[in-house]
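The chain contents come next:
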Amino acid sequence: MKIIINILRFFSSLKLTVVCLFLSMVLIFVGTLDQVNLGIYGVLKKYFHSFVVFYSFPNSQLNIPVLPGGYSLGGILLINLITAHISRFKMTWKKSGIFLIHIGLILLLLSELFTGLFSKESRLVFDEGQTKNYSEAFRETEFVIIDTSNSDFDQVYSVPENVLKKNDLIDREELPFKIKVHQFYGNTNLVFKNQIPRDQTTIVTHGVGLDLVAIEVPLTGKMNERNIVTAIIEFIDDGKSLGVWMVSNALTAPQKLVHQGKEYAISFRQTRYYKPFTVKLIDFTHDRYPGTDVPKNFSSLVHLVHPAHNEDREVLIYMNHPLRYEGFTFFQSGFDNNDTTSILQVVKNPYWLIPYISCALMSIGLITQFSMHLVVFIKRRSR
Amino acid sequence: MCNIFSRVLLRLSLLITLFIIGCDNTDVTSYQIAKEKINFVNRINTPPSTPKVASQNQQINRVTWTAPADWIAQPASSMRKGSYLFKNTSGESADISIISFPGDAGGFAANVNRWRRQIQLPPLSEDEILKITKTTQTGNSIIFIIDFSSEQPILDNQKFAQVIGAILNLKTESWFFKISGDKDTVSSQRKNFHSFIQSIKVDQKNKIAGKQTQTAPKAPAPQSAGNTNFAKINYTKPENWQLKPNSPMRVASFKAVGPNNLEADISIVPLRGDSGGDLANINRWRRQIQLLPLNSLSEETSLEKIMTDSGEFTLVNLSNDKTLPNNNFKPRILAAIFHIDNEAWYFKMTGEDSIVTSQKSIFIDFLKSVSFTK
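Line order of the protein sequences matches chains Z and X.
The numbering of the first sequence is the working numbering, which starts it at 1 and goes up by one.
The numbering of the second sequence is the working numbering, which starts it at 1 and goes up by one.
These aren't lab readings, by the way, just hints derived from the structure by calculation.
One or more of the hints may lead you astray.
[As the list claims (entries may be wrong)] Which residues of chain Z face chain X? A partial, calculated answer using Cβ under 7 Å:
id, residue
1, D154
2, E174
3, P254
No residue lacks a Cβ here, since even glycine has one placed at the ideal position from N, Cα and C.
Build out the structure end to end from the sequences listed, making use of the hints.
Structure representation (structure tokens):
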């Protein structure tokens, strides 16, 4: 019992709050500086979406923990706030403002946790006239085997990048054959063999990889760069090798594998998120200020079709006016190919409303608390 | 109260921990999708592609060309930015490819030698390649053209192979234009290929999208010819100067060879604005040959004004009597600065003292031949 009380005392102490806030400041400061090296995505992953921040010594495998990560600090602050609130706070009308502020803060911390865990951001890149029913991840990649033998549908077997990276042999019931991973590179430059001084020996026996060499390069977390993930994989069925292939998200089209009369398309690509509806880009407009290249406005006119919901309408998506549909938000994000390709950012965040609610609660709490003090102050002065 | 609360807290912590651990749901999945049209023709996105983001300020090089009417356009394949086929009446064909690579793609000589290897020719040194290289100009960029045929009938053991290639080095990438095939067919297209090379245009501009880039002006930085539209320079190359492939910043590079095979490097670099002022640039050159910087231009005794039809050049002649350890010779820099509108043009000859001194009158004649057109 005494131990529990001590634990509670520890978690509800103001000292812990101050230490956590100080460490949070250090974390933000160091993370901001490291953005030069890692880019925004890399910093988010290393400092804020982690429990512990490790320092890696140059040219060494040694990693030492140096700071608690964002999840740890956020979690401890959350527990600290809840325990302090329950163990010390007495609910009275006079303190209703503070209560609302605390509830708002707790909601904000929770929403950050849930957003970090559950929100998905991807992008939809389509040309004018093109219809798509999927968006693609910015960074995550997947290896897919697509069985095209059925005339009505394609059967997709998806192996996420992490599974390929962590396993030498992937033997799952879901897959049509076993996958042996010979090499996995997180980021590479793919070059043609005849473009480099010496030919490299390769174990690849099939596909476009016969003419290619993957040169491993450091991983990038920068916003305007992406990793070219490449793997050398072998397919095995009934103990018999079906060949060794090079797969990479730098290759723009799938490679063909024919086995037992079935045609498979194999591909390494940005992870796809299929939707139950289709979006067609009718027109992309990019207005510039006259006589300059300075953009005035850019917008995508899209045709949204969702047969199950009898949805069939045109929508104009432009800056600060996203399309919100079925839990997804489509923002106008970019363009390409002389203004004939539109890039929409697709965000699915079931908790997107919580920060608004928590800010509203905190605002009401602050107004309530200050108003009460103001009333008391005015009353005193009038006496 | 405390007891109940502690239990609730422990359970809540356990729940959140399990929840977080359980969130790594990335595993093998299988699902059905509506049939998609699959194209098995593969290309490689090299270098790692950069998604264009609305708030990104990107420099793009739009290289355009006009192909002769009798070249048949082919679908882009592998890394080709453009592909054509020429077929004569007897069915002989020549392949025309247009490829771009980031940076200098291994260097000028390495790429020419790669082409030479393709038709079983031995590699040459850069100097040897430069001797057989012709040049032409598009805007401020120089295109190097090489033309060679195989020494043996390597095509079906009956025909000689021929390659005519052109290399265009831009600031961030290199472009390779090549026609290859049997000697007779390629030779018949030599004139067409040269017209094709003459039609190449480089439209370099900064593509800016998104409001953020406009509201956050950046500090002015020196910009080289590779990323902005400078005045077009015209000049007459001295006979004993050899044109060299460009490096970033330079619009032209030459070398002058003197006795004992000593070389002087000549460069032309334009910069936006005054790029720090003449004194800062002269001090930069002084530091390059380990001379102390000056406090004012009046301290530089070697300054001369050269009047030409284009205007006034400021000539500076710097030398160090000491042999520098990294060169093993006494260095000299002969440089001229020319200001036109909002641009500063720097002409610089660097090398061993005697070779640069012997080239001074040629350098001044070269400056006199320089003219600019907007």
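Going through the hints against the structure:
Against a cut-off of 7 Å between C-beta atoms, the interface hint on Z/D154 holds, since the closest Cβ of chain X lies about 5 Å away. Annotation: interface hint on Z/E174 holds; nearest CB of chain X at approximately 5 Å, less than 7 Å. Because the beta carbon of Z/P254 sits about 6 Å from the nearest beta carbon in chain X, less than 7 Å, this interface hint is met.
Hint compliance for this structure: no hint is broken.
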